[in-house]
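A.B. asks: Residue numbers (my numbering), protein chains in the order written: chain A, 1385 to 1510; chain B, 1385 to 1510.
Simulated from the structure, these hints should not be mistaken for laboratory data. Note that the structure is predicted; figures quoted are calculated from it, not measured. For each residue, glycine too, the CB sits at the ideal point set by N, CA and C. Incorrect hints may appear among the rest.
[What the hints assert, rightly or not] Interface residues of chain A toward chain B, partial, derived using beta-carbon atoms under 7 angstroms:
#1 A1451
#2 D1452
#3 G1453
#4 T1474
#5 M1483
#6 E1484
#7 L1485
#8 W1488
#9 N1492
#10 V1496
#11 H1499
#12 R1500
#13 Y1503
[Claimed, not checked] Each computed DSSO-like pair below joins lysine-lysine, with the alpha-carbon atoms no more than 30 angstroms apart:
#14 A:K1491 x B:K1466
#15 A:K1410 x B:K1410
#16 A:K1447 x A:K1466
#17 B:K1410 x A:K1491
#18 A:K1410 x A:K1491
#19 B:K1447 x A:K1410
#20 A:K1423 x A:K1466
#21 A:K1466 x A:K1410
Okay, here's what each chain looks like letter by letter:
There are 2 protein chains.
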Amino acid sequence: MIRKESTNSIVEICPIRNVVSRFGDKWSLLVLLTIDGEKIVRFNELGRMIPDISTRVLSRTLKSLEADGLIDRRVYAEVPPKVEYSLTETGKSLIPIIMELTEWAQKNMNRVLTHRSEYESAQAAL
Amino acid sequence: MIRKESTNSIVEICPIRNVVSRFGDKWSLLVLLTIDGEKIVRFNELGRMIPDISTRVLSRTLKSLEADGLIDRRVYAEVPPKVEYSLTETGKSLIPIIMELTEWAQKNMNRVLTHRSEYESAQAAL
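Extracted from the complex, chain A is given alone in its bound form:
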């Protein structure tokens, strides 16, 4: 019986696996938040706005978001080539949820960090 119930639970929550494993990493969320709304940004701008991302990781993250249809990439035939990124409608629809997650984090992060540090002290004292 437990097995049946379990199968239902898994089916119900299954999409979270896809969504989180695809763009649930912190860089994807940060890049989406940084492009945001109606903005159009260039590769180097994104790199400046997220200073601790490497060019390689930024490039890979943008490619993956583009493949998923969350951002648009537009290349202008100039020398040097100009490349601009913007959110698609699908990408824009994800922003409010990321914002809620950010607000939750802002509200709860101190508590979480304090709890973790107390937990680690208690573990060390064992």
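Fit chain B to the given chain A structure using the hints.
C.D. replies: What follows is chain B alone, placed relative to chain A:
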């Protein structure tokens, strides 16, 4: 000027890094969703409800969520020892946001997967 604006953006969105790098992995979210509401669940039950998680990863995920104060772990002095997990108030407050992410995924996943498969075909044809 861009630099100044960039710094502000980073400060504003900074907590997302902590929250996502700590429990933004798919297993943490799945474990939180599986424990859910007022439920109290045992280690083996969780293992059955998430059949593709290894014992080692489940154990590590639960420890990390406990350290962050998102779940409570209760050990009963029985033989064999009984261990039960439940959500803390902080943990419960995260559930609606995870549910929204899941709903977003259910609504958009087909579109995302189709877009990705078309993108990959187009890349392969280059």
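A.B. asks: The structure should be examined with respect to each hint, and the outcome stated for every one.
C.D. replies: Now the hints, each set against the structure:
For A1451 (chain A), the interface hint holds, since its Cβ comes within 7 angstroms of a Cβ in chain B; the closest pair sits about 4 angstroms apart. The beta carbon of D1452 (chain A) comes within 5 angstroms of a beta carbon in chain B, closer than 7 angstroms, and the hint placing it at the interface holds. Satisfaction of the interface hint for G1453 (chain A) is found here, the shortest Cβ-Cβ separation to chain B being roughly 3 angstroms, below the 7 angstroms cut-off. The restraint placing T1474 (chain A) at the interface with chain B holds, with a minimum CB-CB distance near 6 angstroms, inside the 7 angstroms limit.
Checking M1483 (chain A) against chain B by beta carbon gives a least distance of about 9 angstroms; that is not within 7 angstroms, so the hint is violated. Restraint check, E1484 (chain A) versus chain B: the minimum CB separation of about 5 angstroms is within 7 angstroms; hint holds. Look at L1485 (chain A): its Cβ gets to within about 6 angstroms of chain B, closer than 7 angstroms, so that hint holds up. At a threshold of 7 angstroms, the smallest CB-CB gap from W1488 (chain A) to chain B is about 6 angstroms, leaving the interface hint in force.
Evaluation of the N1492 (chain A) hint against chain B yields a held restraint, the C-beta minimum of about 6 angstroms falling below 7 angstroms. Interface restraint check: V1496 (chain A) against chain B, minimum CB-CB distance 5 angstroms, threshold 7 angstroms, status holds. Because the beta carbon of H1499 (chain A) sits about 3 angstroms from the nearest beta carbon in chain B, less than 7 angstroms, this interface hint is met. With a cut of 7 angstroms, the hint placing R1500 (chain A) at the interface with chain B holds, because the nearest CB-to-CB distance is about 5 angstroms.
Taking 7 angstroms as the C-beta contact cut-off toward chain B, the hint placing Y1503 (chain A) at the interface holds, the least distance being around 4 angstroms. Between K1491 (chain A) and K1466 (chain B) the alpha-carbon distance is near 34 angstroms, which puts this suggested pair outside the 30 angstroms criterion. Straight-line distance between C-alpha atoms of K1410 (chain A) and K1410 (chain B) comes to about 12 angstroms, which keeps the hinted pair within the 30 angstroms bound. Between K1447 (chain A) and K1466 (chain A), the direct Cα distance comes to roughly 16 angstroms. Compliance with the 30 angstroms bound is thereby established for this hinted pair.
In summary, the hint linking K1410 (chain B) to K1491 (chain A) is supported, as the alpha carbons are separated by about 22 angstroms, within the 30 angstroms threshold. With a C-alpha separation of about 18 angstroms, the suggested pair K1410 (chain A) and K1491 (chain A) falls inside the 30 angstroms cut-off, and the hint holds. For the given pair, K1447 (chain B) sits about 21 angstroms from K1410 (chain A) by alpha-carbon distance, which is consistent with the 30 angstroms threshold. Straight-line distance between C-alpha atoms of K1423 (chain A) and K1466 (chain A) comes to about 16 angstroms, which keeps the hinted pair within the 30 angstroms bound.
Restraint check for K1466 (chain A) and K1410 (chain A): the C-alpha separation of about 26 angstroms stays at or below 30 angstroms, so the hint holds.
The earlier numbered hints that this structure contradicts are 5 and 14.
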